[in-house]
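Asker: Each chain, letter by letter, is given below.
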Amino acid sequence: MSETSAWVIFIAAIFTNNILLTNFLGMCSFIACSGQIRTSLGLGTAVTFVLTMTTMLNYAIYHFVLVPYGLGHLQFIVFIAVIAAFVQLVEMFVERFSPKLYFALGIFLPLITVNCAILGASLFMIIREYSFLQSVGFGLGAGIGWAVAIVMLAGLRQKMRYSNIPEPFQGVPIAMVVTGVLAMAFMGFAGMVSIQ
Amino acid sequence: MKGLLKVFEAIRPSFEQGGKLRVFKPVFEALDEAFFAPSATTVTAPHVRDPLDVKRFMAMVVIALFPCVLAAFYFFGLRFAVMILVSYAAGGAVEVVFAMVRKENINEGFLVTGMLFPLILPPTLPLWMVGLGVAFGVFIGKELFGGTGRNVFNPALVGRCFLALAYPAKMSASWLGPGNGLTGRLFEYAGASAVDSLSSATPLAMAKQGQFIGLREMFLGNISGSAGETSAIAIILGGVFLLLTRVASWRTVASILGSFVLLAGALHYAQPGTFGPVLWHLCAGGLLFGAFFMATDPVTSPITNTGKWFYGIIIGSVTVLIRNFTGYVEGVTFAILLGNIVAPILDEIVVGVRIRRLRSEG
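Just so you know, the sequences run in chain order A and B. Under the working numbering, the first residue of the first sequence carries the number 62, and numbering increases by one thereafter. Under the working numbering, the first residue of the second sequence carries the number 3, and numbering increases by one thereafter.
Simulated from the structure, these hints should not be mistaken for laboratory data. Quick caveat, the model's predicted, so the values are computed rather than measured. Backbone N, C-alpha and C define an ideal beta-carbon position, used for all residues, glycine too. A portion of the hints provided could be inaccurate.
As the list claims (entries may be wrong) - Calculated cross-link-like contacts (lysine-lysine; reagent style BS3-like; alpha-carbon spacing at most 25 Å): (1) 105(B) / 57(B); (2) 57(B) / 4(B); (3) 105(B) / 22(B); (4) 220(A) / 57(B); (5) 105(B) / 220(A); (6) 22(B) / 8(B).
What the hints assert, rightly or not - Per the computed footprint, the stretches of chain A lying under chain B, defined by three or more beta-carbons under 8 Å from a beta-carbon of chain B, are: (7) 115 to 124; (8) 161 to 172.
Using the sequences and the hints given, assemble the complete structure.
Answerer: So, in structure tokens, the structure goes:
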């Protein structure tokens, strides 16, 4: 059990251990859904919500169901099932209350299910042996960190819309380059707070 | 001058469409425009009458850098001239190749980047690193985005950030004790062999061990540090020139320095033993240089005035944060890069709020 306070983990998950810019998890929707600030903000919020909730759910299921019955090795399947079920709920919710966002996100909303950042966060939580409070801090921080990164990329891509980018670099490649520079800038926070 | 004009007119046809040397047209144009004002006039409206074009704009920045360059020569010797040369040659090569392939003119923006870059590097950094850094900065930070005016990051900062992460040992140990006396190091070529790790620790690095260098030295620049950042007075001279000519936005500078002073002051007030005094922090490291010359780049900073205030506040506070709480000694590079990154979002928010207000009024 690590002794770091939940608050520190929360900050670290946003800045020093940003799940996207240091672990490069969840790249697919990060690249594909970052054309517009509004859409990316919507997706970022959805991911943050799903990430926080599934870390909490998975924590409970892992520690109160899987471990007592010696089923720890099933964690991958169980985590994915929990995430998929939860995303279905969110999808229905978004479709009901914000059809505009629902259509803007398109296929990427159900694809949150296979967003590696979400499964990654649950697995990190188990590997790093977080307590419940630490898990909540980590889940929320990782989600916000992911959202911050995608909104930043969307802002830059929106600004680049009229740039004369060389043909081979248009679209995804230049987004990767920008992501690299983003990651470089975030390296500046290294050592501020640290978790494993 | 007339003779020169004749020469240019005589060889011009071979660079035009169909001429033998048309690949080198960008080079020719650049030389031509360095000597003579372009004769082209706009065919349709708008007709801009203001003489402040991109070239003049960039020239202002180079002029403003003059005191810093002189200070760098005085404190760190002739090697700095070689660093400038390498920086211009390596970055210029990238620029020229792109201009040729794109069949565009060579842009004046590089004059500034090529000058800024050696100024923010440790004075005894190996020359190949200077070349690599500036080439990386110009290539990744500028040309891939379409060249001057289209870049989303400051090219010099991208280059420096790359060097700081790729060669951390060299970047944090290539300092040099400053020259003294009447001529300083003006006639010296101080390479890596002159590095004395004891006498050449930068003020910020020494502060981590609890030693604070006197304010007078910091103000004059008689300290170790990146080539152009040591002398506060030289930077302020150039910076005030930039502000007076309105090339740099006073809002950006004011909000960076203001937020920095407030936060650093609060920290010093809370724990005077751990955190340095405000004025000391203000003169230390690259803060002044960054605030006046790097953050005010009109391309990579927000367009809206309100956006500029928030942009400055972000840079100032991130600098305080990185300087005092992370493993890095200096954080201005990262802070301004982060500022560049959030700049378009700030603009978006400001414009969005304004539109909403207009709608509710209308």
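Asker: Run every hint past the structure and note whether it holds.
Answerer: Results for each hint:
1. Taking the CA atoms of residue 105(B) and residue 57(B), the gap is about 19 Å. The hint holds against a cut of 25 Å.
2. With a C-alpha separation of about 23 Å, the suggested pairing of residue 57(B) with residue 4(B) holds against the 25 Å cut-off.
3. For the hint linking residue 105(B) to residue 22(B), the alpha-carbon distance of about 15 Å falls within 25 Å, and the restraint holds.
4. For the given pair, residue 220(A) sits about 23 Å from residue 57(B) by alpha-carbon distance, which is consistent with the 25 Å threshold.
5. Distance restraint check for residue 105(B) and residue 220(A): the Cα-Cα separation of roughly 24 Å lies within the 25 Å cut-off, and the hinted pair is therefore satisfied.
6. Restraint check for residue 22(B) and residue 8(B): the C-alpha separation of about 19 Å stays at or below 25 Å, so the hint holds.
7. Only when three residues or more bring their CB closer than 8 Å to a CB of chain B does the claim for the stretch 115 to 124 of chain A stand; here the count is 0, and the claim is violated.
8. Counting residues of the stretch 161 to 172 of chain A whose beta carbon lies closer than 8 Å to any beta carbon of chain B gives 0, which falls below the threshold of three, so the coverage claim is violated.
In this structure, the earlier hints numbered 7 and 8 are contradicted, and the remaining ones agree with it.
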